[in-house]
Amino acid sequence: MTTPLEDLLKLEPEDIWKRNERPTADQMRDKQQIYYEDIEEGAELPKYIYKPTPTHLFRWSAAIENFHRIHYDLDFGLNHDKNPSILVHGSWKQSVVPQFLKDWTSPGGWPWKARFEHRAMLVPGDVLIMWGRVVEKSVKSQMGLIELEIGMKTHDGVESMPGTATVVLPLRDGPPIPYPFIPPTD
Amino acid sequence: MARFMAIHNVPSMNEADFRGKLDSVKKWRPDRRTTILKVYGDLSTGKIVTECEAAEQSHFEDWITMVGWPAESIHQVDMICQVGNIWKL
Amino acid sequence: MTQQTESALTAEVKAMIGVSGDIVESWGNVDSEYLRRFTQAVMDPDPRYWDEEFAKQSKYGQIITPPIMVSYMASRIPPDQEDAITSAFEGNPMSDGIGDVKRPGELPPVPTNLVRVLNAGNELEIYQYPSIGDKIFFQNKYSDIRERVGRDGKPFLIITRETTFKNQNDAILCITRASTIRR
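Residue numbers (my numbering), protein chains in the order written: chain H, 1193 to 1378; chain Z, 8 to 96; chain P, 40 to 222.
Simulated from the structure, these hints should not be mistaken for laboratory data. C-beta: ideal position from N, C-alpha, C; glycine also.
Not the full set, but computed from the structure, chain P residues with beta-carbon under 10 Å of chain H:
1) Phe93
2) Tyr99
3) Pro106
4) Leu212
With the hints as extra help, turn the sequences into a complete structure.
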């Protein structure tokens, strides 16, 4: 049972970190399918907690060959761009979203689409909470569509990535979700 | 946004106090637009130098009040040299 | 819109809607080493990315890769180009590391005098996980340009650039959209 977001935000950063629900490899192996019928509107998804450091930021820059100095060159970031520190990448946040949706819908669901905005500069020292909440559900083309509100909040409640997502869960007695994914037509 | 520095006299300063005043993000970044970038401390004399990026000096002064280190003087910073990189702010 | 305020959505700007860039083949292909670095950097330990036996038993039947991973292959500088980083700093010692680097498949600029650029949002649509060995092809397009009026009464533009990523079988892997405000 995930800690409600509003309760999590009342905790100190280190206590938020202790409630990280990012799954391990073994937990992903053993993950059981969630079905459309299991989900109620208002339900919250597990919370993924992150504590980015300069080394995490460097590793991401290197992995995707992003040479923008604001992410690794503190001198440049502070004195040229007037940023509060080196900055967490929007591209990294953007890559957490499909993982977050994939994990929740696994093994047989589908992380179809998401939209979000990047707000607020995030820096090493921030504790970040990737969160999601079910706002609506419907059935189309024998697939369970779940509309989510999503975001990534800082430990002090600042929303850095307000967004929405649509994921697909199988119906308990329905057909498998097609792969490659075919969007519903009705 | 502008850059400021301040010189403080805190004769009772020790390492635990120094750390305690600065050891979490909200202590050196009291709001999203005010950042204490660097703090130098001479613990033997209690002389402290702070550097701040803020929208205006009053926001820096608010942090100075919050941290409880009276400022002997506050200055605007126009130019910086850091490891050979020269920045006009 | 007051009589004194001209529309920013000129005929020249409107003509950019639908303009597409070249279809570009990304350098290299989807490989297991990039997959390892990417998934470790995003901190996703999913065994379907690296455990072949487990991945074979999944509905995908093979190792999968995060679809958005291929979107970063689009910005790879081919090795037959001059070293982009060195060129950037030769041209501008204060380069930010990316601004002066030319990327393949870029769209022509939107002809507007509104120079301030702000992020207005991103979208992802995911259809298929890329496979190890896939070649990746991408194409940029201005999918939408709209005008809005700010609180100051001045018009601004929201420009949406869409990028479609396909593999060598012409299968759509994912579509990304990035919207920017020009004001």
